[in-house]
Amino acid sequence: MARKDFEMVNRCRRLPVCLEIFLDELRQKFYLVREDVDSFLAQYEVCSKSSVRYFTNVIVFQQSEDPTHISKLIFRLKEWYDAWLPSEELGATIRNAFILSFQTQLYSTLGPAFVKGFKDLIASTLPSSDPEAPEKPPDTAMWVIFETLGFLDRYESIIASAGYEHIEAYVLENCAGQWAEPMMENLRTWMSEKIVPWMLLMYGREATTTDDARVMLANVGSRFDFHMAKTLCDLRTREIFDIIVDYPDSNGALQDLKECLQRVDQRGALVKSLRKANRKRLLHPGADTRLILSQYVSTIKCLRIVDPPGVLLFKVADPIRRYLRERPDTIRCIVSNLVGDEDSGDSLVDESEPIVPLQQPDTEDYTDSNWEPEPIDAGPDFRTNKPSDVISTLVSIYDSKDLFVKELQVLLAQRLLAITDDNEVKVEKERRNIEILKIRFGEAALQVCEVMLKDMTDSKRIDGHVQSQKASIVHPTIISRQFWPMLESSEIVMPGQFQVLQEQYAKEFSTFKPDKRLRWLPHLGTVHLELQLEDRTVKADVPPLEAAFIELFSEKNIWSMDELIAAVGSVDRSAALKALLTWVHKGILREDEQGTFRLLEIAEEASPTREQPRLASTQQEIAPVTSLQQQQAEQMKVYWKFIEGMLTNLGQLPLDRIQTMLKFAPGYDQTIEQLAGFMEAARREGLVTVKDGIWKLTPK
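FYI, UniProt numbering numbers position 413 of the sequence shown as 413, with every residue one higher than the one before it.
If you're looking for bench data, these hints aren't it; they were derived computationally from the structure. We put the CB at the ideal spot given by N, CA and C, even for glycine. Mixed in with the good hints there might be a few duds.
Okay, the calculated beta carbon distance ranges per label pair [to be verified]:
1. D656 x R304: 30 to 36 Å
2. G496 x R279: 57 to 63 Å
3. S468 x D399: 22 to 28 Å
4. D656 x P309: 42 to 48 Å
5. A603 x S480: 41 to 47 Å
Start from the sequences, fold in the hints, and give me the full structure.
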């Protein structure tokens, strides 16, 4: 009957009027829906506020995890929708007009509180991150209602954001601090097993076959995978400094970072994060140079895994290299590792890395058939500073490898002079080190080191010949003055039997080598002593100054410090006090009063109440070989006369002009950075002034 009535109204062209009356009635009665919406939302907000807790007057807000009232509201809206929905017999036009009007009225009613609750409801439908938690069956009916009411289209971004936040929480919970193994494969497995079924409810609801579902999810699945990769990339970017510290145990995290950076454009953020962490945690005066070098080497290895072309390393390394260049002991630390210094801790040199000559920065070979352009984010200076192996990278911190060769000579001299007795094993070890370093630096650069090693062998041979002519307890190390680094000078004169033994040995040496003479350095070396006292015999291995002092006590039992210093030559008082305290600690001498020492022929019993001997503030041993910095400072004092003459004659000059003119001076081999450091020291002493990079003498 209704169909016939409807057809009659339609033939009479009164259907639009009736539809307008129906929709107007819908708008007038929609206050009933609005009342239900307000009621359910009020209950939801009360539930949310009830989760606020108070701890010592501090309010802690907790997000509601039970959006039951929102779920009930959804089903209540569906009831209203079904109650007012026109019959299918009335045709699609009327039903579509009703749907549009109902949704328009509904969306104007739903406010921000509903959006928050709807997001909580969507989050509750996501699978739990706890693997022990039972799986919840999907509420298909609720998703059908979402589609019916148009929520899937209107709130698509809200649904996607809930999924994104769930992925972020899962990645942070399961991947933070987990660096040993790559996590991307596990994350994608979790996505396919847990998130994809949930995504089908939203994006694949019309799929009838697996292929249809795959096509429907291709675009959105790519977005979710991108967000997962970005979240993991952000996490690894925040952790990058500690990942580098933990290398090689953090290799898995580096593989993840490499894969993520190929998908997510986060390279700039990674560089910024690592440079900031380096400034805060590494490049400061409290960090040891060895630690900085070790972290730099780890950074090189890690960033080459993440970015094989080396663009990221080039951008991150620049502040580290500049800071290391300013540290005075950087060269020594690198050289100590090259020669296998046992006291250097972790080695910077990877034993598995082949020993190759120092590599110069690559130059472009455009005729190479495999040539590829540089990465798009490579700077203009990228190619000019890209040696491949670690040692070449460390040496390239400085403009010239000559600095390293000179430091090698100084360090080798110190190590050779520290060898006592006839320790051929240590000499051979140094010889092997030099052979390895020849491969890196070239034969010509290490000729001086070869002479030093040859001197050690010749010294043993010469000493053997002298001993065969006249046996002596003196076994000096005889070196070539011209080929060894500058040795610390001293005016010590060995007294008594020591002087006699030296003269006898020098006489025999002159007989064997009439064209040469010995110049003794009595402050270097070790003396093996056996002291015969009234009640005991004491054996000791001591430096020459200690031996000289105790020898003087064979002449008389009481000496003042001033008398002892005068007897052995010019000696620093702190060094003299340190030498005397050595015998005080051994119970051979006693300080009766300040500056006066007495020989104890008969040992005294130790008394806990007796005042402890004064400890000298000079606990550092005097190095037998001057450091490279000291040698450079002495050299620059010579060249100061040239600089002073330039500035006197020419008035004022920029630093590069001074450097160019100094190259004409005999033996000048300093870099412009070293010259800048010297000029800055001269400025602090008031010898020169500088303005806008122009140097001139300070007016007298």
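Could you check the hint for me, namely that S468 and D399 are 22 to 28 Å apart, CB to CB?
About 51 Å separates the Cβ atoms of S468 and D399, which means 22 to 28 Å is violated.
Between D656 and R304, is the Cβ distance one that fits in 30 to 36 Å?
35 Å, holds
Within 57 to 63 Å: is that where the Cβ-Cβ distance between G496 and R279 falls?
60 Å, holds
S480 and A603 - C-beta distance against the hinted 41 to 47 Å
46 Å, holds
Does 42 to 48 Å hold as the CB distance between D656 and P309, or does it fail?
33 Å, violated
Checked against the numbered hints above, the structure breaks hints 3, 4 and satisfies the rest.
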